[in-house]
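Participant: Sequences listed follow chains S and F, in order.
The first sequence begins at 3 in the working numbering and counts up one residue at a time.
The second sequence begins at -11 in the working numbering and counts up one residue at a time.
Treat the hints with care, since some could be wrong.
As the list claims (entries may be wrong) - With a straight-line Cα cutoff of 27 Å, these simulated DSSO-like cross-link-like pairs (lysine-lysine) come out:
#1 K64(F) to K308(S)
#2 K308(S) to K152(F)
#3 K247(S) to K70(S)
#4 K8(S) to K129(F)
#5 K304(S) to K5(F)
#6 K65(F) to K308(S)
#7 K65(F) to K321(S)
#8 K5(F) to K46(F)
#9 K247(S) to K8(S)
#10 K103(F) to K321(S)
#11 K46(F) to K304(S)
#12 K321(S) to K46(F)
#13 K321(S) to K106(F)
#14 K107(F) to K8(S)
#15 K8(S) to K65(F)
#16 K321(S) to K64(F)
#17 K129(F) to K304(S)
#18 K103(F) to K12(S)
#19 K12(S) to K107(F)
#20 K308(S) to K129(F)
#21 K177(F) to K129(F)
#22 K308(S) to K46(F)
#23 K8(S) to K106(F)
#24 K152(F) to K321(S)
#25 K304(S) to K65(F)
#26 K8(S) to K103(F)
#27 K18(S) to K129(F)
#28 K304(S) to K64(F)
#29 K106(F) to K12(S)
Unchecked claim - Here are the in silico distance ranges between beta carbons for each label pair:
#30 R406(S) to P193(F): 40 to 50 Å
#31 K46(F) to D274(S): 27 to 37 Å
#32 V344(S) to K46(F): 43 to 53 Å
These are calculated hints, taken from the structure and not from any lab test.
No residue lacks a Cβ here, since even glycine has one placed at the ideal position from N, Cα and C.
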Amino acid sequence: MFFLSKLAFKNLFRSKSRTIVSMVAIAFAVMIVVFAKGLIEGMIDSVSADHIHYNSGHIKVIDEDYYKRERLLTLHYPVDGFDGQGLEEMITALESVEGVEMVIPRLKFGAMVSTEEELVAMNGWGVNPEQELAFTDLEEFLVEGRMVAPGQQEVVMGTDLLEKINCRVGDKVTILFNTAFDSLRGITFRIVGRLESGLKMLNEIVFYLPLDQAQKLLYLDDQTTELLLVTADKKLVPEVLPRVKSLLAEHGDERYQALSYRETSDLIPLMDLSAVIYNFIYIFLLSLSCIVVVNTMIMIVKDRTKEIGMMSALGLESKDILQLFVLEGAIMGVIGSLAGAVSGYLMNSYLARVGFDYGEALSGISSDLIFNTMIYPVSSIEVSIFAFVLGVVIVTIACLIPARRAARLEPTVAMREG
Amino acid sequence: MALLEMQGITKIYNQGKIEVPALRGVDLTVEAGEFTTIFGPSGSGKTTLLNMIGCLDKPTAGRITFDGQELRELDKKALAMVRRYHVGFVFQSYNLIPVLTAYENVEFAIRLVNKYHKKEIRDRVLQILDAVGLAGLAGRKPNELSGGQKQRVAIARALVKEPKLILADEPSANLDSKTSEEVLQVMLKMNQELGTTFIFSTHDPRVMEYARRLIEIRDGLISKDQRRESEDVSD
Ligand SMILES: Nc1ncnc2c1ncn2[C@@H]1O[C@H](COP(=O)(O)OP(=O)(O)O)[C@@H](O)[C@H]1O
Ligand SMILES: [Mg+2]
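Bound conformation, chain F alone (with noise of 0.2 Å):
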């Protein structure tokens, strides 16, 4: 069975009057360990379709199963547990609170996860810091990190709690090209020691090349998906 599956989603914006449609159908099946891109110019409908992925938001129309379950079935605060448990996410300005440290704000996540002894804990999040290439940071607050060194805390939060899927959205868009690469090759790491399922958003065509799959989306729909053997990627 596959992780996901979305057929038909269709979301319209409401702005005032005018009806924005975001997406206009899209059908898109996403199996376990993938390590997907979403790619497409901006104002095509990246985010929004990572929106809907995420239970972030609901489709206009269009039934989304995820992990067998059929999300429209569910409520705010059952959508809320299965973002809990099941999805992590990184965001393109990081989204890192201040005023905790590394440490804290990866542990921020597995707090909120019912699963792991307090033992535990301690032990995975400076497992998953060292595993981003942050050992030794785990004290550091954001403003005492550099941004792609933030964007790994961000990958390590979203990974601590061993979620079946994480987004990203446009993950390296705040970050030169050098560092951006960086951190594509972490989330590649992970997503091969782990088997965690990745999908990304990018417009950046050097960002791409890590992808195996790679889905182009235009005017919100689905003009292109295209699988690639594993010696085409870049390492």
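Here chain S stands alone, though its shape is the one from the complex (with noise of 0.2 Å):
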């Protein structure tokens, strides 16, 4: 009944600092589950990018061997090829795998430098400058000098680790690593670039030399720890993830494995359950905001009494009735929960553009988690549109309490006197 709806909308200007309250509770909730929603999903994006850039690529190839010791960074677990026929042909039957847009290889190894006081630890990472300027963001965060260039005895550091071991950019240092024979070597590098970022490890721990420099001081010619994959989105590694273990399958050398980057992170599925887990306090919190809203509709209707029993003494059914409280209530839903996703929307697009540091919070643990202290919120429409849809239907459903109420009044009351 139209008049019905027509009604109800002009009800809520009868008490409107109660309405205004109502949805203002409503807005505020509604904003908060965008916000929080939108963070949430800014962090899992966060961290499965950087998990992707400096761990696992989408897909790792990677002995089975070298992975249960991947802490250690051994260098006896080399991946060399198909039956030890070399790197290259390997990198080259991975990138023909339909999905696979690019192969870069990583040679991980452990090294200290000797300060005056201390032997600080480090990781080294040869890598093909190129490539990782290409899929990672160590262009941003190359904030003095460049990246190594191949060929060259150099190496780029962070920040951190430059002031551990008390250099600069341009300096010399001598570091000392243990090659694949077990042998301890020690090279002078001259320091090319420095790096800065939100990344405690490459802040602190890691710094890159060229593949084929590593290969060679290593003893690892033709051969790396780890080979990453990479795919147009992240998206498409459940696509194309059987093809490259098919691939590797078909050259009958077991000692591979292929995996996803969710199978290598700790983090990402726990991150995933969670954001299933955060829906349930998404439906907490707005249904504490519907305690203001129920309370205001029972005033209401208690106000309302004579009203309610002379419309049923009209002949108003009880289904008209609710239906009618029902509407009220679901329209200060609809007001005060659009309210709530644009304002959400307005504050996560701002977020996401300056960003939200939480890096002080986090200052004592340890680096080698691979995250970035800066989350970036997603600001989607349709997070919005989750909390505009949840807070409509939550209140609605909420109504139904006061509307009951009303719809069981007796039409003898609309007598009463008074």
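Using the hints, build the complex out of the two chains.
Facilitator: So this is what it looks like as structure tokens:
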């Protein structure tokens, strides 16, 4: 009945301050949901991106035994091609898999620099500079100097690592490491660039050097410790991974494992799970704001008792009266949720530009966790729509409580005196 | 056939463990077109009786036949339909919807009834507002109307759907004596012009004067039922 909807709308203006308080409560809750969801999605995106860039690629191809001892950075289980036939051929084969856009070798090894006071432990990453610049954010992190060049004995390091070893860009540094034959070697490199990022690992532990230099110095010619496969989007991984696996199987070399970025991260599946759990928190939060709405509506029903009785006396059925009050609540829900969804969206759009730094809170945490302390909340229409719909649905359902009270009133209350 | 027949109507309210007998065996027959008052002191059972007649409540015992229909057999929804189509109500405290204009308040009742065309609705509402003396005030909200004007809107709202019966519970109790008489005159005029049956309760002797039939109720029983010739009725 259209005229009931019109009446429900007009009724909103009867007690303006109550209506406004209710709508503000809804708007606030919806805005928080948008913010929280945007933040969590942003966090998951950023954690995934960092993990993909600086650890796993979209798919990591690695020796099974190396994977088990990955933290030790052993050089005993390198990737050296199918049946030891060399890396180049293997890279070419992997590059031809449909969906694989790039194959990036990284040769990781443990190293040390001795300063006057201490031995500073670090990780060397032998890389193809061009690929790294294309795939990761190194270009952006490179605040001084330049990236290493192939064929040169040079390194690039994070600001904190440089500080620990008391060096600067332009200095020379002697780095000690174990070769593939477990012999100790010390080589002097020129520091050509300095990195600064929100990633503790890149800041404090890693130094980059050209892959060819790493291979030569470690006696691992045409070998590496891992291959990172890059696809156009992380969503394609479930499609591409089986093809990579079957290619590995074709070559009958059972040493190699192909792992999706999710399998190599402890954090990402956990965060996905938490995103699901958070949905319940959102429902809870919105339900809290409904206490205000339900309370307001109960007062409204009380105030309008005789009027409700009158409508019932005039022949409105219980279900019509229920509808009238649910509609009144639903309109509050729609307006409040809309305001919350829009303001949440605007807030996230702003924060998506300037970012949200929680680094201070994490300063004590071990640095081998790869993640960035800057979060950029996702500002997506979908998040706002999600919160809007959730807000409207929950408010409407909550309004059934006062609406049922109204619908149960007897028509005789209209005849009461006073 | 009488419009309304009541036999042995008893109504007992349960107030906790105490039983309050509000009606104790009322027999009453009302013919179509009557203009009847039910009078009696406060607490005598007037409202309770009107509730029974108007299908707002069911008696504890007894039979009510309205327009040939035995009410006992009807469920909640069917009773709502009887009220919607056949009974108009006028309340002591008007019970207008404050956010609606006089026009919309009257329209509310006719919109519930599925028997008029859209265009017809507008004409009927304006016509009935005119008839109760509210021409030109259709656009006013209740808070812009005097008590007497509000009660006229309520009468128009009760009349607009052409019910068989209009029940008015102390319609003038909140009005001063001059306005009370005006409201009663409007009711009487509508009774005469449209032939609608009116039953109204009151404890005001001046208001009683208008009725063609006076039914006195005391302690839940009819103690007097008196018809008057039209000459006796003051104009
Ligand atoms: N809902 C109720 N519950 C209990 N007692 C009631 C109720 N309504 C009316 N009564 C009692 O029934 C009697 C008749 O009341 P009522 O019909 O309202 O009288 P009147 O309208 O003539 O003043 C009174 O004693 C009143 O207290
Ligand atoms: Mg009464």
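Participant: The structure should be examined with respect to each hint, and the outcome stated for every one.
Facilitator: Here is how each hint holds up against the structure:
no. : hint                           : in the structure
1   : K64(F) to K308(S)              : 19 Å, holds
2   : K308(S) to K152(F)             : 24 Å, holds
3   : K247(S) to K70(S)              : 19 Å, holds
4   : K8(S) to K129(F)               : 16 Å, holds
5   : K304(S) to K5(F)               : 26 Å, holds
6   : K65(F) to K308(S)              : 20 Å, holds
7   : K65(F) to K321(S)              : 10 Å, holds
8   : K5(F) to K46(F)                : 20 Å, holds
9   : K247(S) to K8(S)               : 63 Å, violated
10  : K103(F) to K321(S)             : 21 Å, holds
11  : K46(F) to K304(S)              : 24 Å, holds
12  : K321(S) to K46(F)              : 20 Å, holds
13  : K321(S) to K106(F)             : 24 Å, holds
14  : K107(F) to K8(S)               : 19 Å, holds
15  : K8(S) to K65(F)                : 24 Å, holds
16  : K321(S) to K64(F)              : 12 Å, holds
17  : K129(F) to K304(S)             : 22 Å, holds
18  : K103(F) to K12(S)              : 26 Å, holds
19  : K12(S) to K107(F)              : 23 Å, holds
20  : K308(S) to K129(F)             : 18 Å, holds
21  : K177(F) to K129(F)             : 25 Å, holds
22  : K308(S) to K46(F)              : 19 Å, holds
23  : K8(S) to K106(F)               : 17 Å, holds
24  : K152(F) to K321(S)             : 25 Å, holds
25  : K304(S) to K65(F)              : 24 Å, holds
26  : K8(S) to K103(F)               : 21 Å, holds
27  : K18(S) to K129(F)              : 17 Å, holds
28  : K304(S) to K64(F)              : 23 Å, holds
29  : K106(F) to K12(S)              : 22 Å, holds
30  : R406(S) to P193(F): 40 to 50 Å : 44 Å, holds
31  : K46(F) to D274(S): 27 to 37 Å  : 60 Å, violated
32  : V344(S) to K46(F): 43 to 53 Å  : 52 Å, holds
The structure shown violates the earlier hints numbered 9 and 31.
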